[in-house]
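Undergrad: For chain A, the structure is supplied; the task is to place chain B on it using the hints.
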Amino acid sequence: MQDHPSQAPILQIEDLSVYFGGLAALSGFNMKVNRGEIRGIIGPNGAGKTTLFNVISRFYTPSSGKIRFENQDHLTFKAHQVITLGISRTFQKSELFKSLSVLENVQMGLHIQMKASFLSASIQLKGIQEEERHSRQRAMEILEILSLQKYRGMPASLLPIGKQRLLEIGRAVVSHPKLLLLDEPASGMTYAEKSNLVDMLFKIREQMDLTILLVEHDMKVVMNISDGLTVLNYGKIIAEGEPAEVRNNPLVIEAYMGKSR
Amino acid sequence: MKNLSKILLLAFFLALLILPPFLDAYVVYLLNIICISILVSTGLNLVTGYAGQINLGQSGFVAIGAYATTILMTRLGIWFWGALPLGAVIAALAGFGIAVPSLRLRGVYLALVTFGFAAIVEMILVHWVSLTRGPDGLAVPSPQLGSITLNSDLKMFYLNFSITVLMVYIAQNIIHSRVGRAFVSIRDSELAAQAVGIDLTAYKIIAFVLSAFYGGLAGGLYAALVMFISPDAFSVLESVIYITMIVVGGMGSILGAIIGGATVSLLPELLRGLKEVQEFMFGAILVISLIFLPNGLVGLFARFRKAPKIGE
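Line by line, the protein sequences are chains A and B.
Residues in the first sequence are numbered from 126 upward in steps of one, following this note's numbering.
Residues in the second sequence are numbered from 3 upward in steps of one, following this note's numbering.
Hints listed in this document are in silico derivations from the structure and should not be mistaken for laboratory results.
One or more of the hints may lead you astray.
Counterexamples of contact, computed for chain B against chain A with all Cβ distances above 10 Å [to be verified]: (1) LEU11; (2) TRP81; (3) ASN175; (4) ALA184; (5) LEU269; (6) VAL289; (7) PRO296.
Here are the computed distance ranges between Cβ atoms for each label pair [what the hints assert, rightly or not]: (8) PRO285/A <-> ILE80/B: 55 to 65 Å; (9) ALA304/B <-> MET265/A: 54 to 64 Å; (10) GLN249/A <-> LEU292/B: 34 to 44 Å; (11) SER224/A <-> THR203/B: 13 to 23 Å; (12) ALA304/B <-> PRO285/A: 15 to 25 Å; (13) ILE293/B <-> ASN374/A: 49 to 59 Å; (14) GLN206/A <-> ILE293/B: 35 to 45 Å; (15) LEU6/B <-> MET265/A: 35 to 45 Å; (16) LEU244/A <-> VAL289/B: 32 to 42 Å; (17) LEU292/B <-> MET348/A: 47 to 57 Å; (18) SER224/A <-> ILE290/B: 19 to 29 Å; (19) GLY146/A <-> ILE80/B: 51 to 61 Å; (20) PRO375/A <-> LEU292/B: 54 to 64 Å.
The C-beta atom is built at its ideal place from N, Cα and C for all residues, glycine as well.
Isolated chain A, as found in the complex:
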């Protein structure tokens, strides 16, 4: 596993709380994620994992607490600015652009790195076609890594579920983000697709020097891929550490299995 002990954490979350009405989705949450790390976040349904992602994506504003990404106050940014900082994500329930083609979905991931405006595009100013061709080429490279190139012209909605999940990852990584948030990427995948996913993620991280936060229910996937695990229950961290030690933590077992009698 990659090790960057000298560097400051890329993501630092301090005392984060999110309340929906009286319900605490997250309370007093603290986390440090190091550059290059793959951090698994697990916990029963409703533990606050997706809420955490939605706060980092700035869809939710926390009730209190701080987030620093690369030492900047993250909460000053709006949802659509988050990707410009180098944070990109996938969604628990597939959120592909269903009427766009597979290739165009990946191209969407490059939107912020392109310049065409409705004026320059309308009269095809110099450079517009070149920019478009370049983005198509970069998107194709990602599709090749994911072995989706033969589906490029197909509407995304016609892809099988497992491939849709991969495509969403492709859209998220094409811009070469620094931090990737994966929300249950293996859900809906077959056994073979899951092991393929693990290989893909290692490959992508190696090529792109990514830091990954991974929410996943499939224990085999999380244990295989994560450098460290954070376990949430009822909005609070109940355990943290290397996969092997977390797995045997009695609190974790209790949260998943219930109290032993």
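TA: Same frame as chain A, now just chain B:
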């Protein structure tokens, strides 16, 4: 195959350029109306078909374009070639004005606000008599092109045809750029659109402003064609007709807006003898195509073609 469709398209264009002088005057008038309708529906398609933001106020933008172009010519003595784009810009500004407060709304609420906007525009046209002469309407001077006065349907056709072709080409370019993809992304998933960096507000405003610009341009051309405008040509019912055009043709398809604009704009002419049931017919056509042709006529054609091949 690609060459064949290019040749067919070219032949179609040539026919449209060569044939009109030999056609019945009424047919030439209809060709003009078709061009103008295609312009309106192409614009509406950008905001409603592609960006998924319902706009039931398009008749308001057409009205503003028609009246602004006319008043700029008659009151300020501006040349038609300046008044026409200025009229469209004024309509676009109105589009901006209506977009900013209403974009927090969705679905039915946005539909209601835009519909209300069109109704207000119609009221203003009727009651601001000092500017619009109210129900009496305004005479529109014919455009001058050098020594030629575009005072016949035939001459106007060449103008309307060229502008429509140009504006459809522009819409096509926008749709195939990152801007067009951003529109579709908003329609398909606002969450994911934001996650890839789409500023929802900015792009919804752009879509609305473009739609209003197309509507305003069409209004100015319509005024020059019919040479007389009055509020009843821009009733809110027209907005429903425009929506019907893109629904019947196929939302989110350039070709759909063209086919819808061409077919639906002919209906009032075909139903001339049935004035009383016209509005009912539009409603019926809208509902029937929503139920049986969810992707419009374009979707119907696509169904007969082969499914997209893997690797194409």
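Undergrad: Compare the structure with the hints numbered earlier in the document and write down the numbers of the violated ones, lowest to highest.
TA: The structure conflicts with hints 3, 4, 9 and 15, although it agrees with all the remaining ones.
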